[in-house]
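J.: One letter stands for each residue in the lines below.
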Amino acid sequence: MNTSPLSLTGHNSFVELDARARVRALLDAGTFRELIDPFERMTSPWLARQGVVTQSDDGVVVGKGQIDGQPAVVLAIEGAFQGGSLGEVGGAKIAGALELAAEDNRKGVPTRAVILFETGGVRLQEANLGLAAIAEIHSAIVDLRQYQPVIGVVAGSVGCFGGMSIAAGLCSYLVVTREARVGLNGPQVIEQEAGIAEYDSRDRPFIWSFTGGEQRFRTGLVDAYVQDDTTEIRNTVAGLLRQGRPEVERSDQYALYLERLSSYDARVQATPEAVRQVYHVNHVNSAGAGHE
Amino acid sequence: MNETPLSRGATWLAALTGNATGLPGYPPSVRVVDAPLAGQPARYIAVVPDAESSYPRARTGETGLVEGWALAQAVHEAIATDREGAKRAIVAVIDVSSQAYGRREEAFGIHQALAGAAGAYAQARQHGHPVIGLIVGKAMSGAFLAHGYQANRLIALNDDGVMVHAMGKAAAARVTLRSVEDLERLAADVPPMAYDIASYATLGLLWKLVDVGSAEQPSAADVDIVRGALVAALDNINTDPVPDLRSRLGGANRQASSLVREKLREQW
Chain A
1 MNTSPLSLTG
11 HNSFVELDAR
21 ARVRALLDAG
31 TFRELIDPFE
41 RMTSPWLARQ
51 GVVTQSDDGV
61 VVGKGQIDGQ
71 PAVVLAIEGA
81 FQGGSLGEVG
91 GAKIAGALEL
101 AAEDNRKGVP
111 TRAVILFETG
121 GVRLQEANLG
131 LAAIAEIHSA
141 IVDLRQYQPV
151 IGVVAGSVGC
161 FGGMSIAAGL
171 CSYLVVTREA
181 RVGLNGPQVI
191 EQEAGIAEYD
201 SRDRPFIWSF
211 TGGEQRFRTG
221 LVDAYVQDDT
231 TEIRNTVAGL
241 LRQGRPEVER
251 SDQYALYLER
261 LSSYDARVQA
271 TPEAVRQVYH
281 VNHVNSAGAG
291 HE
Chain B
1 MNETPLSRGA
11 TWLAALTGNA
21 TGLPGYPPSV
31 RVVDAPLAGQ
41 PARYIAVVPD
51 AESSYPRART
61 GETGLVEGWA
71 LAQAVHEAIA
81 TDREGAKRAI
91 VAVIDVSSQA
101 YGRREEAFGI
111 HQALAGAAGA
121 YAQARQHGHP
131 VIGLIVGKAM
141 SGAFLAHGYQ
151 ANRLIALNDD
161 GVMVHAMGKA
171 AAARVTLRSV
181 EDLERLAADV
191 PPMAYDIASY
201 ATLGLLWKLV
211 DVGSAEQPSA
221 ADVDIVRGAL
231 VAALDNINTD
241 PVPDLRSRLG
251 GANRQASSLV
261 REKLREQW
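Chains A and B, in that order, are what the protein sequence lines are.
Mapping of the first sequence onto UniProt numbering: position 268 corresponds to residue 268, and the numbering continues sequentially without gaps.
Mapping of the second sequence onto UniProt numbering: position 29 corresponds to residue 29, and the numbering continues sequentially without gaps.
Rather than coming from a laboratory, the hints here were simulated on the basis of the structure.
Among the hints, erroneous ones may be present.
[Said to hold, decoys possible] List time: in silico EDC-like cross-link candidates among lysine to aspartate or glutamate, alpha-carbon distance up to 16 Å: (1) B:K169 <-> B:D196; (2) B:K87 <-> B:E77; (3) B:K169 <-> B:E184; (4) B:K169 <-> A:E193; (5) B:K87 <-> B:D34; (6) B:K169 <-> B:D182; (7) B:K169 <-> B:E181; (8) B:K263 <-> A:E40; (9) B:K263 <-> A:D37; (10) B:K87 <-> B:D235; (11) B:K263 <-> A:E232; (12) B:K208 <-> B:D196.
[As the list claims (entries may be wrong)] Here are some chain B residues pointing at chain A (derived, C-beta under 10 Å): (13) H111; (14) A120; (15) G142; (16) Y195.
Ideal Cβ positions, reconstructed from N, Cα and C, are used throughout, including at glycine.
Excised from the complex, chain B in its bound form:
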């Protein structure tokens, strides 16, 4: 049998949970694992490729109809289970190359499926679950909105293969009527357009950028470093007065976001 190389999401999910078995009741493309973090129960969730998916446009790790609703299920079930007791941490292990682009997806309302996921994560945070988004690969557009962008804290590996963006380079060039070269030249000057994670960090949206030896095949030491960052994030979340997203404000290249809010408050 051929060994399929694991996606980064699958690799990190397995590493952080000590290869614990995934929960039943989810599609093969959404892996949900309960394992401890800092000695407390936590739920780890990743979207992974499923070459056998009956949805042809969602076979290589895209977040599609079933993935969106299954993410919602994984998060809602944690909220329901913990309703009376301690709220477990939820770790979204993020390696999502894109949402699924296809006729089936639009027909059955992929926007609604991704709303299911985004809404579930937002409710988990608002109900007091510490939610951490760990970006180990690509965090693209609608897929990232559905899986991870609602986290209390975002952590990214400092690696060339780690990327946050609204649209792939080639498509973005076509839509904005520019060449890929023009787009790259512009991106060097305009931080929100850049594709590298260091530029993204200047926007103030990341809590931590973490150096590892290998993002692709992490060593035991790499896994320890990342686990340490997750634990530190938990502690930091505990200092928040309210479970909203205000810790993302204040970035050097995101001043208008704060100014608009100040003016709205004055005029409200």
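Just chain A, with the same shape it has in the complex:
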């Protein structure tokens, strides 16, 4: 993966950056410090015994530093390693860092967190340990967001699926690009479980029409829809942090979502237009910093 901020097309692509470069790009210049860096070789104890090549950071970068001069931790999942899947070590890095951020806030240090999701969810070679770590990540996000907004970014190209899409759903604000997809179940798994008539995993326009960044923004399931541009993403994240905690977290709006779903006749198959209608979001007023 390209680690230079200048892409072949000449613009300042964020999607083309690897996880470490993404963290560096979001933190104030000169403030990035990596915790449990690759030289510590905290690799997965489970992949090696299955003959799978490990990575010295287990696919997760924990960067401490500042955003807007305020303490921040940025957690990035490397989509290029094992599909961004979470195992024991990578999962504990994210959960543990979020736990420490919440602890900071209880001591009066206003540490904020940004999570960069590029993940298919649980790493199946570490199945139950990945699932357990994701439950701990959920817990830590809900704890931390009592004090500070927790920002999730799904830039692309892996997307955000499985238990980590639930983590994304717990974030105070979500930022996506056009490349991003957010969904619980990966297209192939749905096709296997429910059949190709239900979900054709090879039909890219179909998949994006339901789970792509633009549709998620237009239906209010994310807060900001941005260009794949490092400066724009950086400014959007900083702007949302400045905005502070939302009045009500999206994941706490059960009454609103149950009411909306009650107006949808689920005997009829879903279309992207139906979702826009049922979720009738006035996106001009939606929180965040869409680029339109």
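Knowing the structure of chain A, use the given hints to seat chain B on it.
T.: For chain B alone, coordinates are given in the frame of chain A:
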């Protein structure tokens, strides 16, 4: 009329609450019952099959869009009601075969519905409600994350039909490009991949594994044993200095989770 066999979740929910009536205002697939535990008010919650659901992919006990948000409702209402007074216990009776896999579910954001449920349980625990997850059947993947995995303590019945996992065997084999036989051979060597509850117990995530005569059709004695375990869990939760998940750390096959946290703290 045909007698539909009750799901394990429905069976245990009824047994533990003395067949008390469920609260109105919930879909048929989410049963919410207020009944005492150790003489104190408690809320018991289970996801059960609803063959009539208008969501075709959520008719056999899957946790879908409506189930996720209804679980959130059941937990948030308990938090709101108890805001000023004693915090009632919440018992998630867990028998969830999977999340719902379908086009409707992805379209309307099932990930957000399950976040609603997971977040509600986490807030209940963090606000001081003792939350207990009682695994009586399957506890699979996203469905378990939404219903029970945020509990202060997890209790599982020691039974072959009890299983915690991230993905069913057949699908996991396909996704990891292995045969089911290879997967089973690997699972025997790699505890986090195993499908049996005894292997899961070596990870340190369970508080107790409880032996019963029948997990399928519990006797009165079985129900007493499980109720006893719930009461013991309540007492044990009371000894926690903070209502987080740290009691899950320290398992023989989960050492890296502790080591990573130690190093993060040193370097923070």
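J.: Where does the structure disagree with the numbered hints, that is, which hint numbers, in rising order?
T.: The structure conflicts with hint 11 only, although it agrees with all the remaining ones.
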